[in-house]
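S.K.: Sequence:
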Amino acid sequence: MSGAVTLHVGALSLPGLTEAEAARAARAFEAELTALLERHGLPPGIRPADLERIDLGRLPAGAGTPEAMGRELARALLRRLGP
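The opening position of the sequence shown corresponds to residue 1 in the numbering used here, with each subsequent residue numbered one higher.
Please note that a few of the clues may not be correct.
[Claimed, not checked] The following label-pair restraints were derived from C-beta to C-beta distances:
1) P44 <-> G16: 31 to 41 Å
2) G16 <-> R75: 15 to 25 Å
3) R47 <-> A20: 30 to 40 Å
4) A23 <-> P44: 15 to 25 Å
5) E21 <-> A76: 25 to 35 Å
6) G82 <-> E52: 29 to 39 Å
7) A20 <-> G82: 17 to 27 Å
8) E19 <-> P44: 32 to 42 Å
9) G16 <-> A49: 18 to 28 Å
10) H40 <-> T18: 25 to 35 Å
11) T18 <-> P48: 26 to 36 Å
Quick caveat, the hints were computed from the structure, so don't treat them as lab data.
It should be emphasised that the depicted structure is a prediction, and the values quoted were computed from it without experimental measurement.
Heads up, the beta-carbon is just placed ideally off N, CA and C, and yes, glycines get one too.
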């Protein structure tokens with residue numbers, strides 16, 4: 001994918017985490033999703049405009065640190081978008 005990826009998550013609800021933990025998870029989610037998009041590009045058939053206001057509902061939240069949860073959620077989001 002050419003060009004830089006700019007990503008901002010407006011809301012990421014993670015029940016059971018403190019506000020600080022949720023913020024750490026959200027930062028990890030943004031960083032992982034940005035890295036994946038820079039490395040692999042968008043899944044076939046998905047346009048950048050499709051991501052502007054995406055709501056994927058519930059994604060599986062794994063266990064572990066808030067950072068691990070954020071990274072796994074980013075990977076789950078791309079799997080859900082993919083073919």
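S.K.: All hints, please: hold or fail.
M.R.: Checked hints:
no.: 1; hint: P44 <-> G16: 31 to 41 Å; in the structure: holds, 35 Å
no.: 2; hint: G16 <-> R75: 15 to 25 Å; in the structure: holds, 20 Å
no.: 3; hint: R47 <-> A20: 30 to 40 Å; in the structure: holds, 35 Å
no.: 4; hint: A23 <-> P44: 15 to 25 Å; in the structure: violated, 33 Å
no.: 5; hint: E21 <-> A76: 25 to 35 Å; in the structure: violated, 18 Å
no.: 6; hint: G82 <-> E52: 29 to 39 Å; in the structure: violated, 18 Å
no.: 7; hint: A20 <-> G82: 17 to 27 Å; in the structure: violated, 32 Å
no.: 8; hint: E19 <-> P44: 32 to 42 Å; in the structure: holds, 37 Å
no.: 9; hint: G16 <-> A49: 18 to 28 Å; in the structure: violated, 33 Å
no.: 10; hint: H40 <-> T18: 25 to 35 Å; in the structure: holds, 32 Å
no.: 11; hint: T18 <-> P48: 26 to 36 Å; in the structure: holds, 33 Å
The earlier numbered hints that this structure contradicts are 4, 5, 6, 7, 9.
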